[in-house]
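*Asks:* These are the residues of each chain, in order.
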Amino acid sequence: MKNFSRKQFIQTAAGAALAMASRVFTTPLHAADNFFREPPWKRKKPYWGFAVDVTKCIGCGRCADACKTENEVPREAFYFRTWVERYIFRRSGEINVDSPNGGIDGYPPPSDPETITKSFFVPKMCNHCENSPCDQVCPVGATFKTEDGVVLVDRKYCIGCRYCIQACPYGCRYFHPVLHVADKCTLCYHRIKKGLKTACVEVCPTGARMFGDLSDPKSAITKFRESEAIQTLKAHMGTEPKLVYKGLDKEVR
Amino acid sequence: MDMALIESLREALHKVSGYIYPNDLELQWSILIVLYPYITGLVAGAFVLASLERVFDVKAIKPTYRLSLLVALAFLLVATLPLNLHLGHPERGIEILMTPHTSSAMAMFGFVYLWYLMVVLLMEVWLDYRREIVEWSRSEKFWPKRLFYKVLTLGVDNISPRSLEIDDKVGRFLTVVGLPSALLLHGYVGFIFGSIKANPWWSTPLMPVIFIFSAMASGIAGVMLIYMFLCWVRDVKIDMPCLDTVGKFLLTAIIVAFSLEMLETIQTAYEAEEHFDIITLLVEGKLLISMMLIQVFLGSLTPMFLLGLVQVVDLPEKVRKVFYMLSGALALIGIFAMRWNVVIGGQFFSKSLRGFTTYKMELVGREGLFSAIIVGLLPLVILAVLLYLLPPWAEKEGQAKASSPAA
Numbered sequence: 001m002k003n004f005s006r007k008q009f010i011q012t013a014a015g016a017a018l019a020m021a022s023r024v025f026t027t028p029l030h031a032a033d034n035f036f037r038e039p040p041w042k043r044k045k046p047y048w049g050f051a052v053d054v055t056k057c058i059g060c061g062r063c064a065d066a067c068k069t070e071n072e073v074p075r076e077a078f079y080f081r082t083w084v085e086r087y088i089f090r091r092s093g094e095i096n097v098d099s100p101n102g103g104i105d106g107y108p109p110p111s112d113p114e115t116i117t118k119s120f121f122v123p124k125m126c127n128h129c130e131n132s133p134c135d136q137v138c139p140v141g142a143t144f145k146t147e148d149g150v151v152l153v154d155r156k157y158c159i160g161c162r163y164c165i166q167a168c169p170y171g172c173r174y175f176h177p178v179l180h181v182a183d184k185c186t187l188c189y190h191r192i193k194k195g196l197k198t199a200c201v202e203v204c205p206t207g208a209r210m211f212g213d214l215s216d217p218k219s220a221i222t223k224f225r226e227s228e229a230i231q232t233l234k235a236h237m238g239t240e241p242k243l244v245y246k247g248l249d250k251e252v253r
Numbered sequence: 001m002d003m004a005l006i007e008s009l010r011e012a013l014h015k016v017s018g019y020i021y022p023n024d025l026e027l028q029w030s031i032l033i034v035l036y037p038y039i040t041g042l043v044a045g046a047f048v049l050a051s052l053e054r055v056f057d058v059k060a061i062k063p064t065y066r067l068s069l070l071v072a073l074a075f076l077l078v079a080t081l082p083l084n085l086h087l088g089h090p091e092r093g094i095e096i097l098m099t100p101h102t103s104s105a106m107a108m109f110g111f112v113y114l115w116y117l118m119v120v121l122l123m124e125v126w127l128d129y130r131r132e133i134v135e136w137s138r139s140e141k142f143w144p145k146r147l148f149y150k151v152l153t154l155g156v157d158n159i160s161p162r163s164l165e166i167d168d169k170v171g172r173f174l175t176v177v178g179l180p181s182a183l184l185l186h187g188y189v190g191f192i193f194g195s196i197k198a199n200p201w202w203s204t205p206l207m208p209v210i211f212i213f214s215a216m217a218s219g220i221a222g223v224m225l226i227y228m229f230l231c232w233v234r235d236v237k238i239d240m241p242c243l244d245t246v247g248k249f250l251l252t253a254i255i256v257a258f259s260l261e262m263l264e265t266i267q268t269a270y271e272a273e274e275h276f277d278i279i280t281l282l283v284e285g286k287l288l289i290s291m292m293l294i295q296v297f298l299g300s301l302t303p304m305f306l307l308g309l310v311q312v313v314d315l316p317e318k319v320r321k322v323f324y325m326l327s328g329a330l331a332l333i334g335i336f337a338m339r340w341n342v343v344i345g346g347q348f349f350s351k352s353l354r355g356f357t358t359y360k361m362e363l364v365g366r367e368g369l370f371s372a373i374i375v376g377l378l379p380l381v382i383l384a385v386l387l388y389l390l391p392p393w394a395e396k397e398g399q400a401k402a403s404s405p406a407a
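If you read the protein sequences in the order shown, they are chains A and B. For what it's worth, the numbering used here labels the leading residue of the first sequence as 1, then goes sequentially. For what it's worth, the numbering used here labels the leading residue of the second sequence as 1, then goes sequentially.
Hints were generated in silico from the structure; no laboratory data involved. Be careful, since some hints might not be right.
[Claimed, not checked] Cut-off 27 Å, straight-line C-alpha distance, at most; resulting in silico cross-link-like pairs (DSS-like, lysine-lysine): (1) Lys234(A) / Lys197(B); (2) Lys156(A) / Lys42(A); (3) Lys246(A) / Lys237(B); (4) Lys286(B) / Lys234(A).
Full structure from sequences and hints, please.
*Replies:* The structure is reproduced here in structure tokens:
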């Protein structure tokens, strides 16, 4: 083997170190580029999304009612696939939130109306997350994401462990008292597959709820997402909801 | 529809404070899911105590070695019961093993459990008792029992010194493998909770570590109490050096578990994130008694004080025994309270972080108090059967018998 002097060794090592260090100056630029991830709807057609315009919601609760009828959700006040929350902000800084029977029967008149600074309604439902925690934790894969982006539960396969209910950050799942499985919004999959709108969108009198194909550049929902300032709930969770909101207040969770 | 459930939820609706998401009214995981980490914790802790003797050569605790293995086995056999009782469709429970969803922490439970039960614990108990099993299969007078031992030999009746030496080596190897397996089993249970980002009371990487150390404390305390109880029943003198050593390990486990819990609490308070307000209300309100009084004061500080006192003051044997008994019992109660505070406490507040629901434990019914008591007592019944069939004190007496003719 060729003799390798100490000087040569140090020179080679220093050269290698320099070569590696030079990457430090080039890599960050590449790394920044790598943050971009192509949304799945660029590849799959159709790919369903949902949007809510908070500024248009009048809190009539027809969506929650229609959902219960269409999907045979138990009529009790603690089982919902969708519900509407009312937020009342007071001059004192106090915030009152309520959703009596999901908003189906209306809301009681607020006390001391003169102290109210602002008030609005926020419809809630399954966010059909791209990285859905409920899907992640299901031990048998009964919860799954369809090709067209909808998160569903296979009722014939769910073992009823309720782990998904714990894992959903949005409280969108409940344990069906008759079927003994987890239940949630299906985006009215049985309707949208036939080209119909979801029940809640169908009955919304103000167009506050919007549903459509994210893969279609001409769809109303794509235009809405492109033109409006939109937000998602609990974005820090990294769940990538496909339900987006316009006009969401920071106090809404 | 289960009308009793609906009625109790309608009632609960009036007890809600603040705003909760409507679906958050029903508490999904009941007392049975409190028992589940409690029972697996006892398994892991008992096994750790056994491995202290086997792997780390702590000779003083030899009298508890076999007992620890049997305790671990008795509790492990029941560990899946509360889970299965709790399922909406218990008949589909087997799907966790048949078609596991690889991204699910829960799906891995079956494999960790089976590995630990089949490969580690059963093998180890069998190897350790093999000589006696063969002997009993020859000498036992009661024939059904003799037949049982005969089957248990698995057709191997070679108990030559060379063969026993191999048993011992394999046994030691199994304990070395078993130690991380026991920690994995319980660390994994902690991960089931710690990995739920939706719940700020659960979501912390410290959760598996806290679970492991509190498991050690509960397992050691459990074995210690059972050992003392058995000595009393059999009218045998307690081996004090053994009890003192077990007491020392119990103190260590409680100190580490408690320190980690406090570290977690301080970190949460210091970071004071979005969920801090609701957590503060939770600890100061619904968990005040079960956490501050039972878990922290009675379950951690008191046993630490008592066991610490034994270390620094030269106390007479009688007082030490009372202190050990008290500390063991308090530690077990405290760790049960800790599991309760994690599992039930974490479901009291809504993910809206704006309100609380309530939990009214049913008495009868699949997930009621009686079920829980049965599930909690069942391991002790199994242990009694195991003690009858595989008396852990046989080794010592066997050795005494063997050595007496020579003497």
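*Asks:* A separate judgement is required for each hint: does it hold in the structure or not?
*Replies:* Going down the list of hints, with the structure as the test:
{"no.": "1", "hint": "Lys234(A) / Lys197(B)", "in the structure": "11 Å, holds"}
{"no.": "2", "hint": "Lys156(A) / Lys42(A)", "in the structure": "32 Å, violated"}
{"no.": "3", "hint": "Lys246(A) / Lys237(B)", "in the structure": "75 Å, violated"}
{"no.": "4", "hint": "Lys286(B) / Lys234(A)", "in the structure": "26 Å, holds"}
Of the numbered hints given earlier, the model fails hints 2, 3; all others are met.
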